[in-house]
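Enquirer: From just these sequences and the hints, can you work out the full model?
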Amino acid sequence: MPDGAQPVLDVRDLKTIFKIRGGEVHAVNNVSFDLKPGELLGVVGESGSGKSVTMMSLLGLLPSPPADVQNGTVTFDGEDLLKVDPETLRTVRGGKIGFVFQDPMTSLNPVYNVGMQIMEPLRKHMGMSKKAATVRAKELLELVGIPDAERRLKDYPHQFSGGMRQRVMIAIALACDPKVLVADEPTTALDVTIQAQILELMKELQERLGMAVIWITHDLGVVAGIADRVLVMYGGQIVEQAPTRSLFKNPQHPYTRALLKTVPRVTGGREDRLAIIEGQPPILGAQPTACPFRDRCDVAFDRCSQENPQRFDVGDGHDAACFFDAMTGAPRNA
Amino acid sequence: MLTYTIRRLMTAIPTLIFISLIIFLLLDMAPGDPTAQLPLTIPPEVREQIRQSLGLGEPVHIRYLLWLKQMVWSEPMFYLSQSTGWFDPPEVARLISWQTRAPVMDTIFERLPQTIKVVGLAYIVGVLIALPIGIISAYRQYSVFDQAGTFVSMIGFSIPPFFSGVLMIILFTVMMPNDSFFWFPSIYDTTLVVDSWETFGKQVRQMVLPVMVLALQTTAQISRFMRASMLDNLNQDYVRTARAKGMTESVVVLKHVLRNSMIPVITVIALGIPSIFGGAIITEQIFKVNGIGQFLIVSIQASDVPSVQTLTFIFAVLIVLFNLIADILYGILDPRIRYD
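Each protein sequence line maps, in turn, to chains A and B. In case it helps, our numbering puts the first sequence at residues 1 to 334. In case it helps, our numbering puts the second sequence at residues 335 to 674.
Honestly, the hints are just simulated from the structure, not real lab data. Check each hint, because a few of them may be wrong.
Derived Cβ-Cβ restraints for the label pairs, each shown as a range [unchecked claim]:
hint: 1; chain 1: B; residue 1: 569; chain 2: A; residue 2: 208; range: 33 to 41 Å
hint: 2; chain 1: B; residue 1: 605; chain 2: A; residue 2: 135; range: 37 to 45 Å
hint: 3; chain 1: B; residue 1: 335; chain 2: A; residue 2: 243; range: 57 to 65 Å
hint: 4; chain 1: B; residue 1: 514; chain 2: A; residue 2: 85; range: 47 to 55 Å
C-beta atoms are modelled at their ideal positions from N, C-alpha and C, and glycine is treated no differently.
Expert: Here is the structure:
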């Protein structure tokens, strides 16, 4: 990852809320991050921390209502994706930014064969003829490691296994040579051996095709294995951002530390109980004015319930949104 | 698919024979006398002779088997010979209506065009209106259009045709000035021969009211099915995938969602088709359309067993047939269903 390169995707102050009966849920609160060319950015956090909603907001994929992207800028190719007209946005979706979703069992349309589903973006974004698209679709299936690609194009999703369907989803996402691939928990619904295969495939494809990848997961092991940089999300905010090595070696936010503790160790003595983080993640009915993690935090002090901490830079491209300085073991002065 | 179809057609035969037996026995057990409508001056012995001549002296199983032979052998052979001329018509009596003394099948073929024109057109109109309403209602759920559509379909569901029919007559025939463009006749004239634009216009005008009444019902039912089915599918993950691929909303809705949503709806539509041939008994009565439904009512009132038996049996055949067609369409639309 070349340092200081122009980011392909630059997200500033993204804010998404859901309007529900009897109020609002603030799912994404002033999230800012960037994505550099060729980088694999891991996004971790527990369920409901706003990982998927953040990424869906970028491309307007959330159903509205109830979702409402209220604020922020998403700079991609010199344009703000939150402000462009729908037609331009559609050329970005699937054309320049590919998406792979969590559940391959339901993410493909059951009544169309996979060939047609792969060819759809090719014909729309690249203006290919049916013949050219068929050739390219076959190449794509081979690229993602589906044997007997030509014949499989005519098969329907139910004729593929879960792992194979996820490969088809990846082929669709890669169809138009996107600059950015967003993978929303692509291995969560798969069993472990298939997970490993898909991980390997994605890593290999990313290196071969040189695209930037955003990898959403709640599996820290996956992040450690493949990501260049990690965002940790909690309560709709980014609480820590660091290069992968730095994050695992030197976690700054108490939430990250707690998350790392919950990963059971294979070596060493067997523990009686798995480590847990007590309590529930918050459901935010309003813009948080205090640290969302304070109720579950072991180093919280009175400032944490008065202000929502901004992200403090701790050097080497590492930052954490916490008033407590893990380096010195004392509250920050800032 | 072909072997499946053939197998289903084969199993339909015992089903239909059983259905016809049940109908026959039911009609036999039902009270009523075919001579009841004859003048009271006819002495009882003569009445008894009339009954004997109608074959009522035979035991029930003989009568059933004779009817079955006429229905599935003599009548088809007669029509085959009539239409192709390959051989002479069989030398057996036709299936005769006790009431009119005319062959039952001839009467049915006389009545069928009116029924198909009015009820069939109403069904087509109803479905064609219902599908877009269902699609738009689901896509714009809780919008003004959806609320209005749901309200209209609730009305269509809950107002029976004997009320809406009479209401239409009052509005468009009685209260509407005679020279207005929106005046429509309340009586369907079967004898009208369409041979010019003027008579064609007349034909169209006399079909408007019954078609409207019947289409309201069909629209109400199908649009609700369509809406529910669309709503089921609009929230599916594959819809999000289609959007993430950059497809336009019309492709997402009319290609990806619609085909999935049509799977259950097409079954409902196909299963509704036999009821077209069943005629709309009440609506036909109200607008004096002398179609199949009206024929059935008149036959029941006169205890005309052969006519009732034949009509009911034809409905049974159509229902079994369209069940099969619905299943085949289901298999064509949904690749997950394979019958072989």
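Enquirer: Determine for every hint whether it applies to the structure shown.
Expert: Verification of the hints:
| no. | hint | result |
| --- | --- | --- |
| 1 | B:569 / A:208: 33 to 41 Å | 36 Å, holds |
| 2 | B:605 / A:135: 37 to 45 Å | 43 Å, holds |
| 3 | B:335 / A:243: 57 to 65 Å | 58 Å, holds |
| 4 | B:514 / A:85: 47 to 55 Å | 48 Å, holds |
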